[in-house]
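Here the protein sequences come in this chain order: A and B. Sequential numbering of the first sequence, starting at 7, is according to our numbering. Sequential numbering of the second sequence, starting at 5, is according to our numbering.
Calculated from the structure, these hints are not laboratory results. Fair warning: this is a prediction, and the values are worked out from it, not measured in the lab. Just to be clear, a hint being listed does not mean it is correct.
Covered stretches of chain B, as calculated for chain A (at least 3 residues, CB under 8 angstroms) [stated by the list, open to error]:
1) 31-45
2) 141-151
Listed next, the in silico SDA-like pairs over lysine to any residue satisfying Cα-Cα at most 25 angstroms (straight line) [stated by the list, open to error]:
3) K217(A) x L32(B)
4) K45(B) x P128(A)
5) K217(A) x R36(B)
6) K200(B) x M146(B)
7) K215(A) x G21(B)
8) K215(A) x K45(B)
9) K215(A) x C24(B)
10) K45(B) x F89(A)
11) K45(B) x W153(A)
12) K40(B) x W153(A)
13) K40(B) x F143(A)
Don't be surprised by glycine CBs; every beta carbon is placed ideally from N, CA and C.
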Amino acid sequence: MPSFTTLYLGYIVPASTLLPIGYGFFHYKQLTPGLRAVLTYLCVAFTVNCIAIIFSHSNNLPLLHIYTIIEFVLLARCYLFIFTGSTARRVLIGMAIAFPVFAVLNFLFIQNIYTYNTYTRPIEAIVFIICSMLYFFRNDTETQRRWINVPNNWINAGILLYFSGAIGQFAFSNIVGAVAPLEIALLIWILHATLVLMMYISFTISFWKCKLL
Amino acid sequence: MQAIIDNIYIVVILAMGGTCMLVILFLLLHVRNQNKLLQQKQQLQQNAISHQKELTLAVFTSQEAERQRIGSDLHDSVGAALSTLRLSVDQILAMNNDPVYKQQFKSQIDKIITDVRNISHNISPAILKLYGLAEAIDELVMIINQTQQLHIVVDMEADGILEALPYPTSLSIYRVIEELLNNTIKHANANGAYLKLYRTGPQLSILYTDNGKGLAAGNKKGMGLLNITNRLEVINASWQIGHPAHSGFYININI
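Please take these sequences and the hints and turn them into a complete structure.
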């Protein structure tokens with residue numbers, strides 16, 4: 007019988023992606039273009055997760071480097087639907103071009119592709135923390151409905167919670183991986199997985215609220 | 005070095021947990037703030053609607069006061085002057101022996117007196133204040149039926165409620181019914197109308213229909229209909245215009 011940690015990290019949390027994916031496809035016609043972009047991101051995340059599980063017997067960290075680039079581009083695309091101002095859109099598109107270039111340079115010349123990308127992933131986290139905070143500050147005066155009934159609020163809450171909580175883990179992954187006892191490393195990964203799970207739950211709520219509109 | 009490594013684990017775990025709690029706290033405060041703003045916005049909208057209603061009520065009140073004044077002036081001065089004229093004409097006609105001429109002259113003056121009386125009454129229906137809404141409606145319907153422009157059938161099944169209505173509400177209802185009948189006569193190409201006043205629980209309901217051409221789909225509200233809906237809003241009534249089973253004009257009002 008696999009341990010709870012193995013079940014949680016290896017199956018429960020990766021499978022939890024199917025919750026928002028299943029709900030999103032079932033109510034696809036009622037989703038806004040922005041939420042359909044989030045659904046695309048979730049599908050890619052699930053696919054990459056599955057590939058990572060298949061290759062988990064060996065060092066599958068190169069997949070994380072590639073996934074980070076794809077995740078950045080897809081989430082930046084989601085924010086293009088949220089931020090409609092021309093300046094914001096130009097900045098997002100610029101970052102969606104510059105970040106992949108930086109990430110590729112990082113694993114080619116700066117960090118080993120078989121180690122955690124502790125430079126690019128925290129930068130990605132900072133970018134999306136700023137995007138979600140900007141969304142919340144911009145929406146401070148745009149109140150037409152209760153907070154819980156706005157789908158985009160749930161998307162940004164999920165993104166903010168995940169990237170804020172995990173940025174420390176992103177930055178210190180290599181150190182923790184190299185020197186931490188297994189129990190501590192697993193604890194940190196469980197915390198990370200819980201943040202992922204909370205993000206997927208808030209995406210599901212977002213799809214549900216969109217259907218109700 | 006071991007101590008530094010131990011501290012790094014604690015730092016990472018604390019950073020993750022601490023940041024999580026800060027984000028959750030931020031989100032909760034944001035939700036509370038947004039809901040407060042939404043409540044304030046809704047309150048402001050409500051205040052604006054109330055203010056608009058008060059303004060509309062003030063307009064109607066001053067309109068009614070003006071109508072009352074004109075009605076009184078018509079009745080007291082013009083009506084009285086016409087009656088005096090009639091007496092004078094009687095004396096002049098007494099000197100003229102042509103009976104046809106006398107009759108024509110008298111008939112014309114009588115008609116003017118009746119018209120002025122009707123105008124004075126229509127502008128400010130004294131019967132509403134004196135005898136109540138039911139009597140005022142009956143008289144209005146009788147006057148229109150007499151002109152044979154329209155045949156109106158009235159079902160009065162709300163006697164208990166009508167007497168209990170405050171005067172401003174009764175007046176608004178009277179004006180609404182007056183406007184509905186005017187609209188039917190002027191625009192509907194109808195020859196019959198039906199008016200029913202009845203109880204729906206504690207509420208007064210008014211059903212009005214005619215056998216005319218009805219409202220065209222997507223028709224913009226004319227001044228008459230706008231006046232009706234404004235008056236109904238002021239007395240906090242709800243209404244439904246149009247019914248799929250009825251081709252003529254249809255309105256059901258709940259007060």
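Comparing the hints with the structure gives:
no.	hint	in the structure
1	31-45	holds (count 9)
2	141-151	violated (count 0)
3	K217(A) x L32(B)	24 angstroms, holds
4	K45(B) x P128(A)	39 angstroms, violated
5	K217(A) x R36(B)	24 angstroms, holds
6	K200(B) x M146(B)	15 angstroms, holds
7	K215(A) x G21(B)	28 angstroms, violated
8	K215(A) x K45(B)	22 angstroms, holds
9	K215(A) x C24(B)	24 angstroms, holds
10	K45(B) x F89(A)	24 angstroms, holds
11	K45(B) x W153(A)	14 angstroms, holds
12	K40(B) x W153(A)	10 angstroms, holds
13	K40(B) x F143(A)	15 angstroms, holds
Taken one by one, the earlier hints fail for this structure at numbers 2, 4, 7, listed in ascending order.
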